[in-house]
Amino acid sequence: MSGTTIGGWFQRRDILKWSAAAGVAAAGTTLLSGTMAFAEEGSLKGKRIGISTAGTDHFFDLQAYNAQIDEVKRLGGEPIAVDAGRNDGKLVAQLQTLIAQKPDAIVQLLGTVSVIDPWLKKAHDAGIPVLTIDVGSSHSLNNSTSDNWGIGKDLALQLVSDIGGEGNIVVFNGFYGVTPCAIRYDQLVNVVKYYPKVKILQPELRDVIPNTVQDAFSQITAILNKYPEKGSIKAIWSAWDVPQLGATQALVAAGRTEIKTYGVDGSPEVLQLVADANSPAAADVAQQPAELGRTAIRNVAKLLAGQTLPRESYVPALIANKANVGEVTKKLGIG
Amino acid sequence: MLVDTALLVPASARADTPSPQKTTVSQGLAGIALRGGALAVFVTVFVLFAFASPIFLTPFNLGNILAQSAISGVLAIGLTVVIIAGGGNVVSGGIDLSLAANMGLSAAVYAALSQAGQVDGVAVLAALGTGLAIGAVNALAVTWARIVPLLATLAVMNVVGGLELVLTQNTVIPAITPLLESLSGSGPFGIPALAYVLLGFALITAVVVQATPLGLRLYAVGEFPEAARASGLALKRFIAGSFLFSGLSGGIAGILSAAYLSGSTTGAGELLLPVVVTALLGQVFSRRLVPTITGTLLSALFVGVLINGFQLLNLSSTLVSGIQGLLILLVVSATTLLRPKEG
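Residue numbers (UniProt numbering), protein chains in the order written: chain A, 1 to 335; chain B, 1 to 343.
No wet-lab data here; the hints were simulated from the structure. Bear in mind that the values here come from a model prediction, so they are computed numbers and not experimental data. Quick reminder that beta carbons are idealized off the backbone N, C-alpha and C, glycines included. Be aware that one or more of the hints could be misleading.
Said to hold, decoys possible - Here are some chain B residues the structure puts well away from chain A; computed CB gaps all over 12 angstroms:
no., residue
1, Leu180
2, Leu199
3, Leu261
4, Leu271
5, Ile323
What the hints assert, rightly or not - Calculated pairs, EDC-like style, for lysine to aspartate or glutamate (alpha carbon to alpha carbon, straight line, at most 20 angstroms):
no., chain 1, residue 1, chain 2, residue 2
6, A, Lys121, B, Glu270
7, A, Lys322, A, Glu229
8, A, Lys90, B, Asp120
Said to hold, decoys possible - Here are some chain A residues pointing at chain B (derived, C-beta under 8 angstroms):
no., residue
9, Asn87
10, Asp88
11, Gln94
12, Pro103
13, Pro118
14, Ala254
15, Thr257
16, Gly333
17, Ile334
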């Protein structure tokens with residue numbers, strides 16, 4: 001993955017060089033186009049960038065965290081990276097110390113908004129620009145996030161198309177309170193609305209944290225007992241892919257592999273199942289955590305070069321299905 | 001064979017060594033070295049950080065260290081009082097494992113009540129009451145039911161952790177109240193209010209424990225229970241009192257935690273081991289290698305300084321727990337070897 005990306009960068013660099021040269025030749029505005037090209041590319045030379053994460057114990061966080069550190073170094077800056085290990089007290093203490101260190105910017109990756117928001121405000125009040133990844137804070141200048149509307153739509157269309165536009169689907173909807181999950185669910189409902197033969201079985205299931213996999217396994221096993229005939233259920237949908245993992249295992253255990261499962265996040269173990277031709281795991285929308293991390297750091301460079309940032313930067317997600325899962329895992333750098 | 005055995009037996013256990021006096025002298029010297037060593041390590045680390053980072057010695061940063069140590073400091077001080085009254089034996093002596101869970105439940109009670117629209121006064125009383133109630137259960141289990149503190153408080157810890165789950169459904173309960181805002185804000189000289197709370201709490205407790213007859217009796221009950229009983233002290237009352245105090249500390253820490261984290265969050269139990277380590281480590285910062293309030297405060301600040309300095313120097317904070325572990329190993333082995341045998 002890094003190979004392709006770096007290749008992309010060099011290409012872009014070359015284009016910039018060429019356009020700068022063209023500018024010189026055409027109008028002789030050497031200085032102007034020169035600085036513009038520099039600003040486009042973004043430099044963090046001599047800048048100290050605070051990188052704070054709620055944790056690095058999930059695939060997503062670890063990828064985004066490391067990509068940020070690498071990107072700051074690549075652009076010539078000095079990263080001050082702190083990992084709270086999923087401990088809110090530690091997270092706040094690290095932010096507090098970070099504010100005292102007065103870096104040129106702070107990028108916060110994930111975290112419970114009510115806990116970190118007062119500290120992001122303190123950073124903001126201390127004159128330190130705050131950017132975020134996947135955190136909706138009013139004190140953040142820019143939030144890099146996946147396009148959850150796109151994720152929800154892609155997953156729903158794949159599902160409806162796979163089951164031929166008719167049949168019952170089982171839905172895990174335990175985290176409607178979490179905004180990305182709500183958007184993905186709403187998109188499923190929007191798509192299903194136009195396929196009258198597709199029915200979401202009631203009551204919907206509630207996925208839980210922790211013990212997500214075991215719980216999903218037992219809930220799906222119970223549902224399968226309730227709907228014993230093949231074809232009575234066509235698909236199982238969840239807003240992330242850990243319940244999908246438990247559901248897929250339950251289908252295999254019960255010998256009901258005709259039912260397909262769908263989820264979001266691109267966890268390596270689920271992508272592996274999607275890659276297995278015999279597994280009921282049909283599709284998993286993968287976010288691009290490393291790309292999210294790089295985007296946030298490039299945004300910092302733009303901001304420090306005097307550009308204004310959009311409120312949100314959307315990074316496209318990649319849907320992995322039976323046909324393209326190899327490509328997607330390669331692109332994510334986990335193939 | 002004989003040589004091997006001699007090597008394997010720790011110095012203090014060799015009761016029949018030919019020159020017991022020499023052993024005592026060397027023990028005394030080692031004790032001084034250990035105490036001096038601990039302080040020297042603290043001072044060295046402090047000076048190193050001061051030279052290595054221009055930010056370290058700023059009042060703002062030092063205030064941050066105090067504030068960041070406030071929650072674990074208050075808990076560790078509560079635990080220290082239990083250890084003093086119950087004796088220093090790690091297995092059968094005084095210990096309160098329910099402290100971190102206590103803090104979690106007290107914070108949750110405070111946050112839930114404020115979210116339900118109760119005023120600060122009610123929420124504070126309820127949080128402190130929660131802490132005291134947990135302390136009372138511990139006290140009953142240890143003095144009345146005669147369960148070893150290690151097991152009694154372990155059981156209470158699980159009950160309290162369960163109650164917190166029931167109350168919060170394992171979610172974050174945000175809370176913003178005037179009290180919490182002033183606690184998480186700055187006090188005089190731009191230093192965080194939590195820093196003053198820690199210093200005030202430590203000062204009051206230190207004066208009571210280290211400079212009053214009550215404190216002296218507390219030590220007597222823990223270190224020489226037979227002598228204390230013979231001189232007419234009600235041992236159970238002191239031990240029960242120490243658990244009530246640590247329960248109250250849990251309640252206070254709960255309010256501080258709610259201020260620091262703008263409500264109650266999950267994972268309070270993770271604080272247990274750091275707090276136990278802090279209280280045990282405190283012994284090397286005392287003159288006679290016994291648990292003291294000032295020693296525990298120094299130990300909490302030492303851990304805080306390490307974590308803060310490592311971040312300022314851009315070093316991985318994972319090293320902090322390694323250093324803490326090494327120190328605790330040193331402390332426990334040294335105190336076991338060097339302290340005069342009890343009874």
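These are the hints, each one checked on the structure:
B/Leu180, annotated as away from the interface, has a beta carbon of chain A within 12 angstroms; the closest lies near 10 angstroms. Taking the minimum C-beta to C-beta distance to chain A, about 18 angstroms, the non-interface status of B/Leu199 holds against the 12 angstroms cut. Non-interface status of B/Leu261 relative to chain A is broken: a Cβ of that chain comes within 12 angstroms, the nearest being about 5 angstroms off. A beta-carbon of chain A comes within 12 angstroms of the beta-carbon of B/Leu271; the shortest separation is about 7 angstroms.
The claim that B/Ile323 is not at the interface with chain A holds, since no C-beta of that chain comes within 12 angstroms of its own (minimum 16 angstroms). Proximity of A/Lys121 to B/Glu270 is assessed by CA-CA distance (about 27 angstroms); at most 20 angstroms being required, the pair is judged violated. Taken as a hint, the A/Lys322 and A/Glu229 pair is broken in the structure, with Cα atoms around 25 angstroms apart against an allowance of 20 angstroms. For the given pair, A/Lys90 sits about 26 angstroms from B/Asp120 by alpha-carbon distance, which is inconsistent with the 20 angstroms threshold.
Taken as an interface hint, A/Asn87 checks out: its beta carbon lies about 6 angstroms from the nearest beta carbon of chain B, inside 8 angstroms. For A/Asp88, the suggested interface contact is upheld, since its CB lies about 4 angstroms from the closest CB of chain B, less than 8 angstroms. Proximity of A/Gln94 to chain B holds as hinted, the smallest CB-CB distance being about 6 angstroms (cut-off 8 angstroms). With a least beta-carbon distance of about 11 angstroms to chain B, the hint placing A/Pro103 at the interface is violated under the 8 angstroms criterion.
Checking A/Pro118 against chain B by beta carbon gives a least distance of about 5 angstroms; that is within 8 angstroms, so the hint holds. Evaluation of the A/Ala254 hint against chain B yields a violated restraint, the C-beta minimum of about 29 angstroms exceeding 8 angstroms. Because the closest C-beta pair between A/Thr257 and chain B is about 33 angstroms apart, greater than 8 angstroms, the hint is violated. Taking 8 angstroms as the C-beta cut-off, the interface hint given for A/Gly333 is violated, the closest approach to chain B being about 23 angstroms.
The beta carbon of A/Ile334 comes no nearer than 24 angstroms to any beta carbon in chain B, farther than 8 angstroms, and the hint placing it at the interface is violated.
Checked against the numbered hints given earlier, this structure breaks hints 1, 3, 4, 6, 7, 8, 12, 14, 15, 16 and 17; the rest are met.
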